[in-house]
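J.: So you can see what is in the structure, the chains are spelled out below.
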Amino acid sequence: MKWSELFTSSIGKKWVMALTGLFLIIFLIVHAGINACIWANDGGVMFNKAAHFMGSTVVIRIAEIGLFLGIFLHIIQGLMLEFQNRSKRKKGYAVPMGNKGSKWYSRSMGLLGTILLLFFILHWWHFWVPARFIGHPELTELEINGVHMHNMYNLMQYTFQELWVVIAYVIACISLCWHLIHGFQSAFRTVGVSNAKYNSLIQNVGVGYSIIISLAFAMMPVSMYLGWV
Amino acid sequence: MEHYNMNLTLKVWRQKNASDSGRFETYPVKNISSEMSFLEMIDVLNEELISEGKDPIAFDHDCREGICGACSMYINGRPHGPWHANTTCQLHMRAYQDGDTVVIEPWRANSFPVIKDLVVDRSAFDRIIQAGGYISINTGNAVDANAIAINKDNADAAFAAAACIGCGACVAACKNSSALLFVSAKVSHLALLPQGNPERKTRAMNMVAQMDKEGFGACTNTGACEAVCPKEISIENIARLNREYMMAGAASDK
Ligand code: HEM
Ligand code: SF4
Ligand code: FES
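Protein chains in written order, with this note's numbering: chain A, 1 to 229; chain B, 1001 to 1254.
Chain B extracted, bound-state conformation:
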């Protein structure tokens, strides 16, 4: 692909802290290489802001290779920007043309309160995992991988669900701010494997209960989550969780 430079206008959400009401600031950025990543483009802007003695834009990032799920940005009306199955850190500036305007917002959901600028607090996801996203195994020596035979289709489906990186784009995209794609991925990858069986019922019930407690909305199957998920988690998982939850609920003593 041919290399080119571009000038852009960024409109970025700036918010000093959780209690600040926040506003958009407009920044012109010049000479951005088409080979930069989106985050590198913001790094360039931040360098400038720092040299001018201004507060740089706060944003979450860690791996910058699409595996940690930290880089939450809602770019021109889409979580993680315009590319399919992609994270913000893996978005490259060749997605843009000279003269483009790019509006950058944080994830919006009551359960993901803004900490500063584009950084939101996603610890609600951690608490959902703590409520049931684990298995009880002996943590002695590693057991032989083939000691328990697992159907290949189930192994594949579990693996696909386990690819969820907890980025929160599904919540950000959902009109209901529902976290069901995330929760269904976390429930599915354990429910599909024999190792996940002992806690199968309590897991579905407890994780959903925690999800509701955190204040996420209820799923109405619009499909926006699946469309923006960087790991292409399928909404088949949501149907599975609906099933798991009702089976567990109907069969429980409590």
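One chain only, chain A, in its complex shape:
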């Protein structure tokens, strides 16, 4: 097998989807953990410190490149997979099979992923682009224990005053939940991990993970909009 077949053969492509997907699953735990600091009830001190740390060391900067590469691969490969797969049945059925045998969300990974992609663009525009490149009037500076840093907490609170933004984020979290309920267990199958002993464990952990992570993310804009933090 040539290395290029990772990106050209049907199973190679799936491995790339699964490995990048699993990588994103791990990343989301870190991301959610850091963001959960907004609930520390300290006016954003802990959160700002954590967010500052995530931009401060070389190791994390390198990991960031890896993250972007992973997301990029997952998106490009995912969209190509979706379009290629759709082209394999030029003439469709008059009576669709619908839910006889598969779940709607398992069949909608491309759609759910596209919603996530649209959300990412909005999300990067809200936080990553201001923090790294162009700044924002609400992205003030502050000093905690003598360390100079961005007040990301302030930018978050500002951003989530808009109702439509909060709704968009919540829709994205719902899409993420369904994407992961299929994706989590599917990724294990794709990398060949599947046997009677572990399947129900993987299935249950996957559903639990998907719900907890999505709920945690969805509650962040909601909490800020409702003035809970």
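Be aware that one or more of the hints could be misleading.
[As the list claims (entries may be wrong)] Incomplete in silico selection of chain B near chain A, CB under 10 angstroms: (1) 1111; (2) 1173; (3) 1174; (4) 1211; (5) 1243; (6) 1245.
Derived by calculation from the structure, the hints in this document are not laboratory data.
All C-beta atoms in this analysis are idealised placements derived from N, C-alpha and C, irrespective of residue type, glycine included.
Got chain A; can you put chain B with the ligands on it based on the hints?
T.: Here is chain B with the ligands on its own, set in the frame of chain A:
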């Protein structure tokens, strides 16, 4: 089960040849016995069509006992009709009630082009088998069955995978027109046995390469294949093939 007769409305895909664009034709069928098989019901209709001087509906069938995999029909939105673990030829008319409408379509996938009416060309499967679905053994006398000891679990799993009859329902059901359940069954039943070991790596790589060349889609683990498979081939086999393929690929020199 009590016997009854029924009248049905069939909507059948008619297509003169591969280049015809095709259309649905509606046929009322009368006095169908609940004890007929689905194919016998079509035989009755075809007899009528022939006596009226019309072209009978072309459909694939051979064994009519659920073992050859020829009888490809997509019935009311499901390959092989409504029953679980069943082929069209083993579907019986007691599955239907008087007055029902039944829509019958051919398998739909670019890799299974329609030849005529409900008959599709499934030779893509044959070429996938030719690419690696064999073992190299001496074809002299039959060797003693117990000469090589085989773990019972592996023997059972291999046997379950070998039950695949190559009907193509998995492809027909899959939103991606993926043939992975079929290919994984064919790879698994040999990979699990010592006799399959010599070609183990090349088999996985060559069969997948041929599958891709034939234009089947990529699997996304939706599970629709397993749900309609008349032989209940498990998608565990797909996970095994994913593993086999990557092991073979990573360890090969080429
Ligand atoms: C944080 C965001 C995301 C996570 C955690 C994630 C996770 C996953 C996982 C675990 C899989 C399963 C891989 C497999 O079946 O082997 C997957 C599949 C997929 N993802 Fe994502 N994904 C994310 C974002 C996206 C985006 C933005 C897109 C597209 C624009 C996308 C499109 C797809 C597609 C098309 C599949 C293939 C469906 C399949 O193979 O079952 N995903 N994703
Ligand atoms: S795996 Fe099942 S559905 Fe697919 S060809 Fe074999 S018997 Fe038919
Ligand atoms: S005709 Fe042989 S399986 Fe149906």
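J.: Taking the least C-beta to C-beta distance, is residue 1243 of chain B closer than 10 angstroms to chain A?
T.: It holds, given that the least Cβ distance between residue 1243 of chain B and chain A is near 3 angstroms, below 10 angstroms.
J.: Should the hint that residue 1111 of chain B touches chain A count as held when the rule is a Cβ pair under 10 angstroms?
T.: holds (7 angstroms)
J.: Quick check on residue 1173 of chain B please, does its C-beta sit within 10 angstroms of some C-beta on chain A?
T.: holds (6 angstroms)
J.: So, as I understand it, the hint says residue 1174 of chain B touches chain A; can you test that by seeing if any CB pair is closer than 10 angstroms?
T.: holds (9 angstroms)
J.: Holds or violated: is there a CB of chain A closer than 10 angstroms to the CB of residue 1245 of chain B?
T.: holds (5 angstroms)
J.: For the hint on residue 1211 of chain B, just tell me whether its beta-carbon gets within less than 10 angstroms of chain A.
T.: holds (7 angstroms)
Violated hints for the displayed structure: none, as all numbered hints are satisfied.
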